[in-house]
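S.K.: Sequence:
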Amino acid sequence: MTPSDRDEAEIEASRAPLMDHLIELRGRLLICVVAFFLAFVLCFAFANQIQIALIKPYQAAVAIHAAALATGGHANPIELIAVMTGIRPYPPGSAAVVQLIATAPLEQLFTKMKIAAFGAAVLTFPVMAWQMYRFVAPGLYRNERGAFLPFLIAAPVMFCLGGALVYYVMLPFVMLFSLSQQVATDGISVAQTTKISDYLSLVTSLLLAFGLCFQLPVVTTLLGLAGLISSKVMAAGRRYAIVAVVVVAAVVTPPDPISQLMLAVPLVILYEISIWCVRLIELRRKKADDLEAEMA
359 MTPSDRDEAE IEASRAPLMD HLIELRGRLL ICVVAFFLAF VLCFAFANQI
409 QIALIKPYQA AVAIHAAALA TGGHANPIEL IAVMTGIRPY PPGSAAVVQL
459 IATAPLEQLF TKMKIAAFGA AVLTFPVMAW QMYRFVAPGL YRNERGAFLP
509 FLIAAPVMFC LGGALVYYVM LPFVMLFSLS QQVATDGISV AQTTKISDYL
559 SLVTSLLLAF GLCFQLPVVT TLLGLAGLIS SKVMAAGRRY AIVAVVVVAA
609 VVTPPDPISQ LMLAVPLVIL YEISIWCVRL IELRRKKADD LEAEMA
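Numbering (this note's numbering), first residue to last: 359 to 654.
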């Protein structure tokens with residue numbers, strides 16, 4: 359019996375009536391809902407701590423901006439990253455105090471709820487991905503099940519990499535750029551007073567945008583496994599992909615060229631990595647086909 363025959367026999371043995379599939383789907387959705395609710399409660403209980411952690415990039419930008427104003431120079435981007443990553447302390451004498459405002463009576467409560475929902479979605483993603491895999495696994499061939507599992511690990515890892523880029527590099531630069539737009543001259547002052555809800559909406563939007571964009575290698579590799587795309591097609595469409603990347607970067611990032619480059623450059627690199635991933639899959643598939651042909 360060839361490997362293909364064994365796979366067909368396994369799939370045939372796993373067949374079940376439609377009602378059984380619906381009952382199983384209901385059970386797995388219930389697990390996801392319960393996991394999300396528990397994660398929401400946990401994140402809401404620590405909403406203040408999460409808020410403080412998310413405000414740290416703004417605090418670093420305020421400190422570097424204040425130090426630059428005190429010395430009459432320009433903010434050093436390298437120093438900003440060093441402060442944000444903990445490599446260097448805040449500049450001596452810099453005002454690292456951030457004051458955000460809430461302009462509605464329940465604005466802070468709703469902001470905490472949004473943070474809790476965002477945190478719950480991130481925390482329960484592995485649970486949701488695993489439940490989805492367990493639901494579709496019986497309909498997959500053995501080699502497909504083995505190939506699908508690494509992506510359950512790669513997807514959250516890539517999301518965390520995108521989030522880390524936002525937290526340690528992108529967001530401090532965005533806030534530093536925003537602070538540099540303030541005006542303070544004789545008789546005229548335009549100071550930045552940021553609402554807590556607006557700031558955290560920006561943070562969560564950037565984290566989601568970068569986290570999802572960093573799924574590019576995962577998605578393209580899955581499409582390559584399914585035979586829907588090829589490395590030749592991806593290589594031939596490289597110029598169009600770069601244009602698409604620039605458009606996406608312009609849409610999901612704040613309207614400044616530095617932020618757009620911070621997303622566009624990694625995405626172009628990830629696209630090139632995706633081409634090589636699909637190419638490796640094609641080579642492995644060709645070897646497997648040749649081996650199966652020899653066995654037949």
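None of these hints come from the bench; they were simulated from the model. Glycine included, C-beta positions come from ideal geometry on N, C-alpha and C. Where hints are given, some of them may not hold.
Heads up, simulated BS3-like pairs for lysine-lysine below, C-alpha to C-alpha not over 25 Å straight-line [stated by the list, open to error]:
#	residue 1	residue 2
1	K414	K470
2	K553	K590
3	K553	K472
4	K645	K590
5	K590	K414
Label-pair ranges, simulated between beta-carbon atoms [unchecked claim]:
#	residue 1	residue 2	range
6	F404	S563	29 to 39 Å
7	L507	F395	46 to 56 Å
8	R642	L380	29 to 39 Å
9	L464	R492	17 to 27 Å
10	F404	K553	41 to 51 Å
11	S538	V399	18 to 28 Å
12	A651	L380	18 to 28 Å
S.K.: Each hint needs a verdict: does it hold in this structure or not?
M.R.: Status of the hints after comparison with the structure:
Under the criterion of a C-alpha separation no larger than 25 Å, the hint pairing K414 with K470 is consistent with the structure, at around 17 Å. As the CA atoms of K553 and K590 are separated by approximately 48 Å, the hinted pair breaks the 25 Å bound. Taking the CA atoms of K553 and K472, the gap is near 15 Å; set against the 25 Å cutoff, the hint holds. Proposed proximity of K645 and K590 is supported: the alpha carbons are some 18 Å apart, at most 25 Å.
A hinted pair counts as satisfied when its Cα atoms are at most 25 Å apart, and K590 with K414 does not qualify at roughly 44 Å. Between F404 and S563 the beta carbons are some 21 Å apart, a value that contradicts the proposed interval 29 to 39 Å. Under the hint 46 to 56 Å, the C-beta atoms of L507 and F395, about 27 Å apart, miss the expected range. Judged by the Cβ atoms, the range 29 to 39 Å given for R642 and L380 holds: they are separated by roughly 36 Å.
Distance hint for L464 and R492: a CB-CB separation of about 40 Å, inconsistent with the stated range 17 to 27 Å. Separated by about 22 Å at the C-beta atoms, F404 and K553 break the suggested range of 41 to 51 Å. Separation of S538 from V399 is about 40 Å and departs from the stated range, judged on CB atoms against 18 to 28 Å. Between A651 and L380 the C-beta distance comes to about 40 Å, which lies outside the given range of 18 to 28 Å.
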